[in-house]
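Residue numbers (numbering that gives the first Met the number 0), protein chains in the order written: chain A, 0 to 327; chain B, 0 to 327.
In short, the hints are calculated from the structure, not lab data.
One should not assume that every hint holds.
To be verified - For lysine-lysine, the following PhoX-like pairs were computed, each having C-alpha atoms within a straight-line distance of at most 20 angstroms:
1) B:K83 <-> B:K32
2) B:K256 <-> B:K206
3) A:K49 <-> B:K256
4) A:K256 <-> B:K49
Protein chains: 2
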Amino acid sequence: MKALLVDSSSGKPVMKIGAAHKPEPGEKELLVKIMATALNRADLLQKAGKYDPPNGVTPILGLEMAGVVEKTGPGVTLYREGDKVFGLLSGGGYAEHCTIHEDLAMPVPEAFSFEEAAAIPEVYLTAYQAIIWLAELKEKESILIHAGASGVGTAAIQLAKNLRHARVITTTGSDEKCTLTASLGADLCMNYKEEDYAVSLEETFGKNSVDVILDFVGSPYWEKNLNVMAMDGRLIYLSMLGGSTVENMSLVPILRKRLTIKGSTLRNRSDRYKIDLTSIFWKHTYPLFASGALKPVIDSVFNWEQCEEAHQKMEENLNAGKIILNGM
Amino acid sequence: MKALLVDSSSGKPVMKIGAAHKPEPGEKELLVKIMATALNRADLLQKAGKYDPPNGVTPILGLEMAGVVEKTGPGVTLYREGDKVFGLLSGGGYAEHCTIHEDLAMPVPEAFSFEEAAAIPEVYLTAYQAIIWLAELKEKESILIHAGASGVGTAAIQLAKNLRHARVITTTGSDEKCTLTASLGADLCMNYKEEDYAVSLEETFGKNSVDVILDFVGSPYWEKNLNVMAMDGRLIYLSMLGGSTVENMSLVPILRKRLTIKGSTLRNRSDRYKIDLTSIFWKHTYPLFASGALKPVIDSVFNWEQCEEAHQKMEENLNAGKIILNGM
Chain A
0 MKALLVDSSS
10 GKPVMKIGAA
20 HKPEPGEKEL
30 LVKIMATALN
40 RADLLQKAGK
50 YDPPNGVTPI
60 LGLEMAGVVE
70 KTGPGVTLYR
80 EGDKVFGLLS
90 GGGYAEHCTI
100 HEDLAMPVPE
110 AFSFEEAAAI
120 PEVYLTAYQA
130 IIWLAELKEK
140 ESILIHAGAS
150 GVGTAAIQLA
160 KNLRHARVIT
170 TTGSDEKCTL
180 TASLGADLCM
190 NYKEEDYAVS
200 LEETFGKNSV
210 DVILDFVGSP
220 YWEKNLNVMA
230 MDGRLIYLSM
240 LGGSTVENMS
250 LVPILRKRLT
260 IKGSTLRNRS
270 DRYKIDLTSI
280 FWKHTYPLFA
290 SGALKPVIDS
300 VFNWEQCEEA
310 HQKMEENLNA
320 GKIILNGM
Chain B
0 MKALLVDSSS
10 GKPVMKIGAA
20 HKPEPGEKEL
30 LVKIMATALN
40 RADLLQKAGK
50 YDPPNGVTPI
60 LGLEMAGVVE
70 KTGPGVTLYR
80 EGDKVFGLLS
90 GGGYAEHCTI
100 HEDLAMPVPE
110 AFSFEEAAAI
120 PEVYLTAYQA
130 IIWLAELKEK
140 ESILIHAGAS
150 GVGTAAIQLA
160 KNLRHARVIT
170 TTGSDEKCTL
180 TASLGADLCM
190 NYKEEDYAVS
200 LEETFGKNSV
210 DVILDFVGSP
220 YWEKNLNVMA
230 MDGRLIYLSM
240 LGGSTVENMS
250 LVPILRKRLT
260 IKGSTLRNRS
270 DRYKIDLTSI
280 FWKHTYPLFA
290 SGALKPVIDS
300 VFNWEQCEEA
310 HQKMEENLNA
320 GKIILNGM
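All chains, full assembly: derive it from the sequences and hints.
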């Protein structure tokens, strides 16, 4: 089969379509003809050699896909050839075919394109895991979502609003992105390039007002995050794109406000964990996707031959929502 | 009634017996003639003016007691006059009498002296909350307990061993204290003044081997704690006696090892929380106290007239286990 492979022959790694081994579906696995996949920041890291795939996982990039079941492995009971499915992958989405455990696959909802379905798994499952499982966001609590216009950010806004009727506060890097997060239901949207989010937040909602924070930024926000959190607040790190070293950090608020700080990634979780997460997620969100209350935010769709352009767009933080590849 | 009061007239605050208002039992409250109380580090902080009691709480020190029910308030159904009870207080243990909600009181087990019973509430409830509720220690996991010979430390060793059959690792500040923690069941005891606990721990049990850490020390141990923790490890802060500012702290392990860091104190929790904690704690531990498997470690017993000496001992870290006051 064809797949997008990392070509480092020129010194700078670039994605090029080449030949790869077509996988065979194992026990309870589906072989899927991929119709669309979506970009994740981990793809850029892996391409740059900074994020090795877990042991036993294909080196082909791509953490999610939507497509059509081409063949079922032994013991498959949930899907048949021709079914439209989508789901999370440990890798291998940038290709014509992949295999996926049937319990990790979800049926593509009617009226959803493959591009829309491919935009769901990573960001919604990551946001669901962070908000519902790790932070245990409660009804009407207050959540601060950094990088609110990112894929996970947009999914998090929708989930916090729809599942918990939370007060949602976002930071983004441009006024256009602020407008996007507001349109998704955020109650307060701040452009971090133009205002100090901690100050604006405190002016609007008072001191110590945030119950949950989703952070992708890391050390630059450590102190402010701890300061704006309420008693029993939960701070969830999903990445630390802005740095990970804090100088002169005070641990006092952790104790004084009984804070919880958690780091998490989805990719290195066990299959069992991902299956449980997928299953509970889909049960709680399927009706909301079907009704249109949850709707993946798609920034742009590229033919997979233009993968480099797509990567460039993400690298430069120019996307609001997911970047999709199709045409494989 | 008489009570130990903070006398700051000489400039240096000292404890002196004086007259205080005898409390009246309210709805569902017991009036208790206190027979013994126990010291907590919070007492020293409050005496020094560094830890104000929560709103509405008596300024009299003392966070736990054992005694005899002298009178029951309206609606009390669980106890009668003459019953021996013990339990957690928000304050007021350094006195002849106190009131306590009947749901916060526990019956003194047969064969337990008042001194032994008074040694239980703060340290066992704190350790139980930290290990079982916050860290969710699982069967046979590995737990590192700093200040292993402290009151909470000794309770934590016993609870981790008896309730979860955990591998218990302790740090203490003297060889005698190491011997004590070993006698309570610790599998590895390290004198932090003579060895680097992270090095010794790694030599004995390998890298990234600790699932749960109970820390009272704070910033001096931040980096080592994060380094020795296993995937999905949980670090619980109960105090930060060694400092709370970390220079050049790396947040990387939080994300890479999916760590959870929580701060907690017991005193500022709601009554509802304390009642739930007491009730579940006693259900799970009563048989173990009755059988002798759990046994409070008492360092020394002072007549309450010698309270200053008792405080001095704790101030100098000379105690291993609880310091008790009686004779009120």
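Going down the list of hints, with the structure as the test:
1. B:K83 <-> B:K32: Measuring from Cα to Cα gives roughly 10 angstroms; hence the hint holds.
2. B:K256 <-> B:K206: Satisfied, since the Cα-Cα distance of roughly 12 angstroms is no more than 20 angstroms.
3. A:K49 <-> B:K256: With a Cα-Cα distance of about 17 angstroms, the restraint between A:K49 and B:K256 holds, given a limit of 20 angstroms.
4. A:K256 <-> B:K49: holds (17 angstroms)
Hint check: no violations occur; every hint is consistent with the structure.
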